[in-house]
Amino acid sequence: MERPERAAAALGAQPRANGCSGAAHGGLRNGYVRGLPAPDTQINHIVHNGGLYKRPFNEAFEETPMLVAVLTYVGYGVLTLFGYLRDFMRQWKIEKCQNAIEREEQKDFVPLYQDFENFYTRNLYMRIRDTWNRPICSVPGAKVDMMERVSHDYNWTFTYTGRVIKGVINMGSYNYLGFAQNDGTCQQAAAKVLSRYGAGVCSSRQEMGNLDKHEELEKLVARFLGVESAMAYGMGFATNSMNIPALVGKGCLILSDELNHASLVLGARLSGAAIRIFKHNNMQSLEKLLKDAIVHGQPRTRRPWKKILILVEGIYSMEGSIVRLPEVIALKKKYKSYLYLDEAHSIGALGPTGRGVVEYFGLNPEDVDVMMGTFTKSFGAAGGYIGGKKELIDYLRTHSHSAVYATSLSPPVVEQIITSMKCIMGEDGTTFGRECVQQLAENTRYFRRRLKEMGFIIYGNEDSPVVPLMLYMPAKIGAFGREMLKRNIGVVVVGFPATPIIESRARFCLSAAHTKEMLDTALKEINEVGDLLQLKYSRHRLVPLLDRPFDETTYEETED
Amino acid sequence: MDIKSMKNYLYWLYCQFELITCSYLMEPWEKVLFYTFNVSMLVMVAYTAYIFFPVHISTAFQFCLHLFGSQHENTVSVVK
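So the sequence lines, in the order shown, correspond to chains A and B.
The opening residue of the first sequence carries number 64 in my numbering; numbering runs sequentially from there.
The opening residue of the second sequence carries number 2 in my numbering; numbering runs sequentially from there.
So that you can see chain A by itself, here it is in the shape it has in the complex (with noise of 0.2 Å):
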């Protein structure tokens, strides 16, 4: 126990060159924040400060009532009972198999297809599957049309009638500024670079596909996040999954949110560095992480570790929630660690002239070492961004998988990124940009708000444009897809293995582009069918994410 109390206290008494170290010794709000007793000795622990915040950060989830959570349970008991019914009557023959299965002279191989989220596709989602991927045919805006289709055989196979849903009003896209037009200045450019360069590079950025537009874009796009340099890629998955094992390698560890992306636990775990998983958004799990990883460096060989990644996201895609950006930055300059930060929903979205969650929070970009995002959210196009110093960009350039091998953004592409991402600097002249921005800011508040005076669940920061209201049962997860279709209202529905299994939930998105009457529409329509299928769990009891219980925290390792 002695030991890494030493070593924290040599670590304390380094000078910290932290920019917000003068309000740091400030407000101390809450318990959790305890000095060491001697005043002479410098406080190392600053975490969950509230003078680090420059804004309330307000953020909640509220406790999942007992008595849902019970209920849940025993309708997926009820389910689970059934599936392994149909399970057995497959096996026997007497119902038809409609999933996929081994071959004949395959059977007695190793099965391919027969583990528990299988069984879970088979029996319990495919009941529910006609709430998903349902093919739209229009652009989609704050309005889109849908295609119907009918399913006779329950949702094994689907069919066309050939008829379109019009004017569904859409609260599942990621069109935060409504940038996803089929008119307007952006098309217009794009229409434009489309006639002269075409629609294919045919080559990747080291060869023949490195045009001036992609030039231009990264020029435009360090210059939008006040970064050195950034890089451009066609892929906003890609632009994690590849760039985390560019960076990081084995010897090195990754610290990771537990409810980070798919694409940045696929990275971490390509890299082959070691991967700890701190608590969501919980800073005391992420020093201790932190702590132990400089105290105790690799297992068994005790050598220090290479380097330490911190990979968060902006807002949490799932959760509504927004990163705790100035108490990680604050721990990484304490640990001397790095920090990778994807902006794939924050970027365009928070802020107050959409610089994502750095000027949200009203730090320095400087102060992120790899600020990655992607440009399908917000600027209504595809693929994503890395941005940082130039040495890491140069470094990024020759290594990454997706620099070398991945084809190169397309032309058209780019010039929608480019002429949007002008339209929200405000360089085209108008203050169109900037009016979405606060669109999208008005909305997401008017939205939440609404929401939970109606009585629902909701998770999240209050700025967030991500808006997870909560179902829990699985039977409702169907349902208030169903009936809001019903309603003309496109919204998403999430479920195991995305969330929890018991905390399943419909996400809504706010735009830019919604007006007031759509919201107002989309809300009664909430409100209806939330009577309806009894969804109006919030008894207004919320527990503020610092409440949450924890296992153990770092002071009190340190009191002892």
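If you are wondering where the hints come from, they were derived from the structure by calculation, not from laboratory data.
The reader is advised that the hints may include incorrect statements.
If you only want the chain A side, here are some residues facing chain B, beta carbon under 7 Å, derived [as the list claims (entries may be wrong)]:
id	residue
1	L134
2	G138
3	V141
4	L142
5	F145
6	R190
7	Y217
8	P537
9	A538
10	K539
Capping the alpha-carbon separation at 20 Å, the derived lysine to aspartate or glutamate pairs in EDC-like fashion look like this [to be verified]:
id	chain 1	residue 1	chain 2	residue 2
11	B	K8	A	D594
12	A	K156	B	E31
13	A	K156	B	E28
14	A	K159	B	E28
15	A	K452	A	E422
16	A	K515	A	E525
17	B	K32	A	D150
18	B	K32	A	D216
19	A	K485	A	E291
20	A	K599	B	E19
21	B	K32	A	E158
22	A	K159	B	E31
For glycine and all other residues, C-beta sits at the position ideal for the given N, C-alpha and C.
Fit chain B to the given chain A structure using the hints.
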């Protein structure tokens, strides 16, 4: 009018039951199976209650009488 709202309420209650037990998601034959099972369980419970409750209640009543001061009566009856 009252009967209609009652009917609506019962239907709503049935919907809630379907949603909670997930029978909303079942195919018709599964529903039949599920409801047959449920109804038969319910009938059995009711039948058991009908058979055994009166006996149990009367014994309990006797026992209570025995406990709270009706001893006198009993002794008297014995004496007689």
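How the hints compare with the structure:
no.: 1; hint: L134; result: holds (5 Å)
no.: 2; hint: G138; result: holds (4 Å)
no.: 3; hint: V141; result: holds (5 Å)
no.: 4; hint: L142; result: holds (5 Å)
no.: 5; hint: F145; result: holds (6 Å)
no.: 6; hint: R190; result: holds (4 Å)
no.: 7; hint: Y217; result: holds (6 Å)
no.: 8; hint: P537; result: holds (6 Å)
no.: 9; hint: A538; result: holds (4 Å)
no.: 10; hint: K539; result: holds (6 Å)
no.: 11; hint: K8(B) - D594(A); result: holds (17 Å)
no.: 12; hint: K156(A) - E31(B); result: holds (17 Å)
no.: 13; hint: K156(A) - E28(B); result: holds (18 Å)
no.: 14; hint: K159(A) - E28(B); result: holds (14 Å)
no.: 15; hint: K452(A) - E422(A); result: holds (18 Å)
no.: 16; hint: K515(A) - E525(A); result: holds (10 Å)
no.: 17; hint: K32(B) - D150(A); result: holds (17 Å)
no.: 18; hint: K32(B) - D216(A); result: holds (16 Å)
no.: 19; hint: K485(A) - E291(A); result: holds (18 Å)
no.: 20; hint: K599(A) - E19(B); result: holds (18 Å)
no.: 21; hint: K32(B) - E158(A); result: holds (16 Å)
no.: 22; hint: K159(A) - E31(B); result: holds (15 Å)
Violation of the numbered hints given earlier is absent; every hint is satisfied by the structure.
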